[in-house]
Amino acid sequence: MAATASNASNGSGRTGSGRNDKDAPPPLPAPLGVPVADSHTHLDMQGDTPVAEALAKAASVGVTTVVQVGCDVAGSRWAAETAAAHDAVWATVALHPNEAPRIVHGDPDGWSRQGTRPAGGREALDAALAEIDALAALPQVKGVGETGLDFFRTGPEGMEAQEYSFRRHIDIAKRHGKALVIHDREAHADVLRVLEEEGAPDAVVFHCYSGDAGMAKVCADNGYYMSFAGNVTFKNAQPLRDALAVAPLDLILVETDAPFLTPAPYRGRPNAPYLIPVTLRAMAGCKEIGEDELAAAVAANTARAFGY
Numbered sequence: 001m002a003a004t005a006s007n008a009s010n011g012s013g014r015t016g017s018g019r020n021d022k023d024a025p026p027p028l029p030a031p032l033g034v035p036v037a038d039s040h041t042h043l044d045m046q047g048d049t050p051v052a053e054a055l056a057k058a059a060s061v062g063v064t065t066v067v068q069v070g071c072d073v074a075g076s077r078w079a080a081e082t083a084a085a086h087d088a089v090w091a092t093v094a095l096h097p098n099e100a101p102r103i104v105h106g107d108p109d110g111w112s113r114q115g116t117r118p119a120g121g122r123e124a125l126d127a128a129l130a131e132i133d134a135l136a137a138l139p140q141v142k143g144v145g146e147t148g149l150d151f152f153r154t155g156p157e158g159m160e161a162q163e164y165s166f167r168r169h170i171d172i173a174k175r176h177g178k179a180l181v182i183h184d185r186e187a188h189a190d191v192l193r194v195l196e197e198e199g200a201p202d203a204v205v206f207h208c209y210s211g212d213a214g215m216a217k218v219c220a221d222n223g224y225y226m227s228f229a230g231n232v233t234f235k236n237a238q239p240l241r242d243a244l245a246v247a248p249l250d251l252i253l254v255e256t257d258a259p260f261l262t263p264a265p266y267r268g269r270p271n272a273p274y275l276i277p278v279t280l281r282a283m284a285g286c287k288e289i290g291e292d293e294l295a296a297a298v299a300a301n302t303a304r305a306f307g308y
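First residue of the sequence shown: 1, per full-length UniProt numbering; consecutive thereafter.
Treat the hints with caution; some may be incorrect.
Dumping the calculated BS3-like pairs for lysine-lysine here, alpha-carbon to alpha-carbon at most 27 Å [stated by the list, open to error]: (1) K235 <-> K174; (2) K287 <-> K235; (3) K22 <-> K235; (4) K174 <-> K287; (5) K235 <-> K217; (6) K22 <-> K57.
Keep in mind that the hints were calculated from the coordinates and are not lab data.
Using the sequences plus the hints, can you model the full thing?
Right, dumping it as structure tokens:
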């Protein structure tokens, strides 16, 4: 989940009187020739669009599988329930890095942009982690995440809770044999340090990859997957494109992180899984390979990473 936004657009906008173009969903892109998966999305944040409708729209352009990601206990339960109800959906479960300090220290001023809440201390965090642990055992849950570290919004007082939670999520992923889905914002060195200290699970996915080419080489050396989102298309994202250029083809995934990070030329408008082809085509251009070749690799990589 993009840490810079907390509320999704409702995704049901229309142009014309009373609505701005930026509120309207982008048009359907041309379908992909090879079906792919959206490796990271938030269907629960995409306004009032029914899940079945979102999945049908995605499938119509070749996005036949989505990974629904949990960010707190309630969202993780919803992800597991939705995956159980829809064959095209797999789930991941976790406490987002910004959720852990909110549980421990509270959020009286709404710093996280997720709403205020009282402090619960370490006991409350352990109770939430126990629920994530139980959900991770479900067969439709294929990953533990998004977890990791986010030093953009959490101050020094919350870093201990974040790192404790991250280490616990690594343990949960390893015990259940599930992929670890990492949210890493302004914390590259510390994320890599904790992974090394704890010992990484067999499958590690850097969601919305945000490192540079040098970090991509480190990830490649460790066999970590790198999932690229719509921000790889942004004008100011040359470091991401440099990273994509050096990332091995067998370690690349694609995602929307919808409703966030809508790819250009639709930046700022509601994102959804059906827009994966826009990002994938831009990625293929960056890699200087055909879109079918990239789509085939991404599809195989996503299935291998999440074990479905």
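#### Entry: 27 Å Cα cutoff - pair K22, K235
18 Å, holds
### Message
Check the hint pairing K235 with K217 against an upper bound of 27 Å on the C-alpha distance.
### Response
Since the Cα atoms of K235 and K217 sit roughly 23 Å apart, the hinted pair holds (cutoff 27 Å).
### Query
Does the structure keep K22 and K57 at a Cα separation of 27 Å or less?
Within the cut-off at roughly 20 Å; holds.
### Query
Taking 27 Å as the top limit, are the C-alpha atoms of K235 and K174 close enough?
Distance of about 38 Å is beyond 27 Å: violated.
### Message
K174 and K287 were given as a pair; does the straight-line alpha-carbon distance stay at or below 27 Å?
### Response
With Cα atoms ~32 Å apart, K174 and K287 exceed 27 Å; violated.
### Query
If you draw a straight line from the CA of K287 to the CA of K235, is it 27 Å or shorter?
OK: K287 and K235 at ~17 Å, within 27 Å.
Against the hints set out earlier in the document, violations occur for numbers 1 and 4.
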